[in-house]
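Peer 1: Counting with the numbering used here, you get residues 107 to 182 for the letters of the sequence shown.
These are computed hints drawn from the structure, not numbers from a lab.
A quick note: this is a predicted structure, and the numbers were derived from the prediction, not measured.
Using N, Cα and C, we set each Cβ at its ideal position, and we do this for glycine too.
Be a bit skeptical, because a hint or two may be false.
Unchecked claim - Restraint-style ranges between C-beta atoms, simulated for each label pair: (1) Asp123 x Glu169: 25 to 31 angstroms; (2) His150 x Gly112: 15 to 21 angstroms; (3) Arg176 x His150: 27 to 33 angstroms; (4) Asp137 x Ile168: 17 to 23 angstroms; (5) Gln171 x Ser119: 18 to 24 angstroms.
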Amino acid sequence: MAIRHGEFERIISVLDDADADGPLTAREILDLLEEHDEDFGSAHRVATVLGRRAQTGEVEVIEGQPYRYRVDERGN
């Protein structure tokens, strides 16, 4: 499944607008996206986008049940 251009940027934008602090679960991020009228489909999709960005170091994945995601410097 390919990542559509702009999905990560949409997540970052909403996290910035919401002043979200600390690591969040994919479900918490999805809830914020929905509150900002961003249709993302599922928490699994959020986790996929963030997990792929973790491979490049833009996102920190904190293992646990459930995983949490921290976007340092909001992707900058």
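Peer 1: If a hint holds in the structure, say so; if it doesn't, say that too.
Peer 2: Outcome of the hint check:
1. Taking 25 to 31 angstroms as the suggested C-beta distance range, the pair aspartate 123 and glutamate 169 conforms, at roughly 27 angstroms.
2. For the pair histidine 150 and glycine 112, the supplied restraint of 15 to 21 angstroms holds, since their beta-carbon distance comes to about 18 angstroms.
3. Separated by about 19 angstroms at the C-beta atoms, arginine 176 and histidine 150 break the suggested range of 27 to 33 angstroms.
4. Taking 17 to 23 angstroms as the suggested C-beta distance range, the pair aspartate 137 and isoleucine 168 conforms, at roughly 18 angstroms.
5. With their beta carbons about 28 angstroms apart, glutamine 171 and serine 119 fall outside the hinted range of 18 to 24 angstroms.
Violated hints, listed in ascending order, are 3, 5; each of the other numbered hints is respected by the structure.
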